[in-house]
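Q: Single-letter residue listing:
2 protein chains.
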Amino acid sequence: MADRPQKLLTPGPTSVPPSVLRALSKPVLHHRSPDFAAVFELAQERLREVFRTENEVLVFTSSGTGAFESAVVNLLSPGDRVLAVSQGEFGERWQAMARAFGCDVVPLTYPWGEAPRPAGLREALAESGAATAFIVHSETSTGVVCDLEPLLAVCREEGVLSVVDAVSSLGAVPLETDAWGADVVVTGSQKALMTPPGLAFAAVSDRAWERTVEATLPRFYWDWARQRRAQAKRSTPFTPPTSTVVALVEALGLVLEGGLDAAFARHRALGRACRAGIKSIGLELYSPEDDSAAVLTGALTPEGIDAVELRLALRDRHGITIAGGHGDLVSRLFRIGHIGHVTIDDIAEALGAIEVELREAGADVEPGRAAPAAFEAFGSVAAAG
Amino acid sequence: MADRPQKLLTPGPTSVPPSVLRALSKPVLHHRSPDFAAVFELAQERLREVFRTENEVLVFTSSGTGAFESAVVNLLSPGDRVLAVSQGEFGERWQAMARAFGCDVVPLTYPWGEAPRPAGLREALAESGAATAFIVHSETSTGVVCDLEPLLAVCREEGVLSVVDAVSSLGAVPLETDAWGADVVVTGSQKALMTPPGLAFAAVSDRAWERTVEATLPRFYWDWARQRRAQAKRSTPFTPPTSTVVALVEALGLVLEGGLDAAFARHRALGRACRAGIKSIGLELYSPEDDSAAVLTGALTPEGIDAVELRLALRDRHGITIAGGHGDLVSRLFRIGHIGHVTIDDIAEALGAIEVELREAGADVEPGRAAPAAFEAFGSVAAAG
Numbered sequence: 051m052a053d054r055p056q057k058l059l060t061p062g063p064t065s066v067p068p069s070v071l072r073a074l075s076k077p078v079l080h081h082r083s084p085d086f087a088a089v090f091e092l093a094q095e096r097l098r099e100v101f102r103t104e105n106e107v108l109v110f111t112s113s114g115t116g117a118f119e120s121a122v123v124n125l126l127s128p129g130d131r132v133l134a135v136s137q138g139e140f141g142e143r144w145q146a147m148a149r150a151f152g153c154d155v156v157p158l159t160y161p162w163g164e165a166p167r168p169a170g171l172r173e174a175l176a177e178s179g180a181a182t183a184f185i186v187h188s189e190t191s192t193g194v195v196c197d198l199e200p201l202l203a204v205c206r207e208e209g210v211l212s213v214v215d216a217v218s219s220l221g222a223v224p225l226e227t228d229a230w231g232a233d234v235v236v237t238g239s240q241k242a243l244m245t246p247p248g249l250a251f252a253a254v255s256d257r258a259w260e261r262t263v264e265a266t267l268p269r270f271y272w273d274w275a276r277q278r279r280a281q282a283k284r285s286t287p288f289t290p291p292t293s294t295v296v297a298l299v300e301a302l303g304l305v306l307e308g309g310l311d312a313a314f315a316r317h318r319a320l321g322r323a324c325r326a327g328i329k330s331i332g333l334e335l336y337s338p339e340d341d342s343a344a345v346l347t348g349a350l351t352p353e354g355i356d357a358v359e360l361r362l363a364l365r366d367r368h369g370i371t372i373a374g375g376h377g378d379l380v381s382r383l384f385r386i387g388h389i390g391h392v393t394i395d396d397i398a399e400a401l402g403a404i405e406v407e408l409r410e411a412g413a414d415v416e417p418g419r420a421a422p423a424a425f426e427a428f429g430s431v432a433a434a435g
Numbered sequence: 051m052a053d054r055p056q057k058l059l060t061p062g063p064t065s066v067p068p069s070v071l072r073a074l075s076k077p078v079l080h081h082r083s084p085d086f087a088a089v090f091e092l093a094q095e096r097l098r099e100v101f102r103t104e105n106e107v108l109v110f111t112s113s114g115t116g117a118f119e120s121a122v123v124n125l126l127s128p129g130d131r132v133l134a135v136s137q138g139e140f141g142e143r144w145q146a147m148a149r150a151f152g153c154d155v156v157p158l159t160y161p162w163g164e165a166p167r168p169a170g171l172r173e174a175l176a177e178s179g180a181a182t183a184f185i186v187h188s189e190t191s192t193g194v195v196c197d198l199e200p201l202l203a204v205c206r207e208e209g210v211l212s213v214v215d216a217v218s219s220l221g222a223v224p225l226e227t228d229a230w231g232a233d234v235v236v237t238g239s240q241k242a243l244m245t246p247p248g249l250a251f252a253a254v255s256d257r258a259w260e261r262t263v264e265a266t267l268p269r270f271y272w273d274w275a276r277q278r279r280a281q282a283k284r285s286t287p288f289t290p291p292t293s294t295v296v297a298l299v300e301a302l303g304l305v306l307e308g309g310l311d312a313a314f315a316r317h318r319a320l321g322r323a324c325r326a327g328i329k330s331i332g333l334e335l336y337s338p339e340d341d342s343a344a345v346l347t348g349a350l351t352p353e354g355i356d357a358v359e360l361r362l363a364l365r366d367r368h369g370i371t372i373a374g375g376h377g378d379l380v381s382r383l384f385r386i387g388h389i390g391h392v393t394i395d396d397i398a399e400a401l402g403a404i405e406v407e408l409r410e411a412g413a414d415v416e417p418g419r420a421a422p423a424a425f426e427a428f429g430s431v432a433a434a435g
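So the sequences go chain by chain: A and B. Heads up: the first sequence runs through residues 51 to 435, numbered per our numbering. Heads up: the second sequence runs through residues 51 to 435, numbered per our numbering.
Quick caveat, the hints were computed from the structure, so don't treat them as lab data.
Any copy will do: because identical chains look the same in the list, a pair fits if it lies in one copy or spans two.
The list that follows gives simulated cross-link-like pairs (lysine to aspartate or glutamate, EDC-like), each with its CA atoms no further than 20 angstroms apart:
no., residue 1, residue 2
1, Lys-329, Asp-341
2, Lys-76, Asp-396
3, Lys-283, Glu-359
4, Lys-76, Asp-366
5, Lys-329, Asp-396
6, Lys-329, Glu-410
7, Lys-283, Asp-85
8, Lys-329, Asp-340
9, Lys-329, Asp-356
10, Lys-329, Glu-399
Produce the complete structure using the sequences and hints provided.
A: If you want it as structure tokens, here you go:
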């Protein structure tokens with residue numbers, strides 16, 4: 051293992067602020083102690099603020115996939131029809147999950163890189179007769195962040211319960227759980243919430259709570275009713291990762307202190323800066339070209355230059371970890387995350403290292419262009435407000 | 051919240067060594083990076099050593115209850131008959147869990163405080179015709195650690211698959227997964243393994259793997275086959291708590307460096323010391339009087355002295371957190387954990403504080419007896435051991 055600490059410019063887990071690491075390393079709290087109850091109450095309050103909801107936010111010891119599974123088993127019964135919108139790897143994962151639980155999954159699949167649209171959703175819901183829809187807000191495999199509000203409006207108009215994968219979007223881009231009428235919103239600790247992985251969350255609307263009564267899929271660890279009863283007493287039914295909860299409280303405090311809107315603006319500006327830098331190198335963008343791509347920037351290496359090798363070089367020679375691609379694109383696609391504890395200087399540094407390593411690998415690249423382009427795009431965004 | 055850090059003399063989460071907290075607070079690793087792959091490989095190696103198994107130890111982002119649920123959904127089908135041995139709160143939990151998944155649970159229930167016996171198990175297995183048995187090794191609610199080896203022998207002789215709850219026993223008392231022929235052994239990170247909560251483990255025998263093929267309960271997050279495929283590539287299917295894995299590697303290194311047998315001897319000696327101290331105060335023991343009670347010591351307050359008040363006084367005035375009781379015993383029972391990173395001085399300190407607070411509450415107790423009694427019992431054990 052390399053000794054050098056890696057700067058994570060990934061769409062999660064992300065590098066977390068020093069004060070969050072310090073909170074993480076405090077002496078362990080006992081989960082049935084008054085000390086933890088006070089911390090957990092604060093965590094719940096801050097989660098509601100970040101989710102922009104008055105409803106309960108359930109806290110699970112799991113990855114985001116676990117919290118999504120909790121939605122499946124609390125809302126559905128075997129044979130239930132689900133419209134599962136997919137525009138990438140995570141949309142496909144939720145389709146596979148619901149099938150594993152015996153649901154009748156109607157896929158609404160967009161090509162990777164495209165965003166779902168309200169008209170298509172309305173039509174598919176009408177055709178399928180599904181009472182539940184899965185929607186991926188930010189598709190981490192492609193960088194596509196969909197325009198969620200009108201999609202949720204369609205669900206409400208059609209009387210369909212919505213389950214939103216907001217794992218890489220919550221805290222990164224605007225998501226108004228209550229105002230937009232999302233029924234269930236799922237996220238994890240390790241992305242824009244700037245906390246190490248190990249916690250996942252599900253905000254649950256009154257409509258969703260009603261549905262749980264009739265849902266017959268078996269559940270115990272994921273049982274929302276048991277979880278809600280415990281959380282009402284500032285506790286959890288099973289031992290939570292108490293140290294990670296302490297870190298979460300610190301991280302959410304930082305997010306809320308700076309303000310969510312400022313965080314959204316910073317992510318948008320970082321996205322714009324990253325795209326400007328990538329273009330100045332002459333690389334092709336894989337993620338969208340507009341401000342919706344605030345979570346991550348995907349780009350393709352020049353033909354003949356291996357993206358896996360590029361990532362290894364960044365890691366070994368520069369201490370920078372970025373994410374890779376998938377399937378057919380593994381040898382060309384790389385993804386730079388810019389959510390959470392990331393600055394314009396981090397992005398400029400990474401772009402500079404990419405230039406150097408591309409030239410080293412034989413690409414026709416002249417180092418020194420990307421960082422200034424990124425700073426300029428970031429600054430003009432910041433000035434524009 | 052009290053500012054004073056609490057010493058956790060609880061049966062988990064336990065206080066962890068300083069070097070484990072330092073490992074926890076290193077910069078976050080990305081779960082798809084070569085750095086994490088190396089750490090995760092080491093974690094798997096060390097887990098196999100601690101479990102004393104050659105088989106795969108599956109690693110879940112969850113509490114111990116989650117890992118137990120993984121055993122249920124990977125081994126069983128709806129309607130399957132399960133013999134669920136119970137001698138306390140956790141035995142009851144596994145009965146309730148299997149019922150929630152539609153299994154035909156045959157309870158073999160011993161009174162709280164008693165240990166299950168091989169003859170009773172053999173008879174119950176023969177009568178029930180169950181193909182699966184749940185056994186709680188260390189019942190954390192009572193301090194009873196059963197004599198597991200002969201119980202497992204009965205299971206093997208009867209051709210029954212065994213699932214062992216070793217959440218508070220693994221690393222605390224001897225458990226030879228392979229040599230004793232346990233099929234599935236489940237534990238968590240936060241007890242004798244001296245790591246913060248957030249990780250849970252399941253060691254799986256070949257016989258258990260065969261059973262998974264016919265088991266039809268739906269599974270996705272807990273799917274052992276998916277987990278095994280990922281772990282073979284030094285990875286996990288879903289984002290693991292990478293920082294907690296780094297801490298685990300450090301903690302398991304400490305356990306193995308000292309040697310498991312030395313850890314077992316220390317826990318036995320601490321149990322003996324704690325019992326000697328409790329008796330010197332004139333209190334009634336709730337946990338067993340013999341060396342089997344190596345995980346925790348349960349005791350009752352004198353009549354009229356509230357155990358909840360005692361625990362609060364220990365916490366607020368002495369910075370010592372111990373565990374409480376349950377149900378009818380909540381006002382009398384307290385439990386002192388002595389597994390993991392606990393020394394004889396910690397135990398003597400806690401006993402001394404208990405004496406003072408009992409006298410303060412009006413009990414007929416003369417402080418100054420318990421610590422010497424504990425040191426003496428510990429020393430004579432150490433000398434004999």
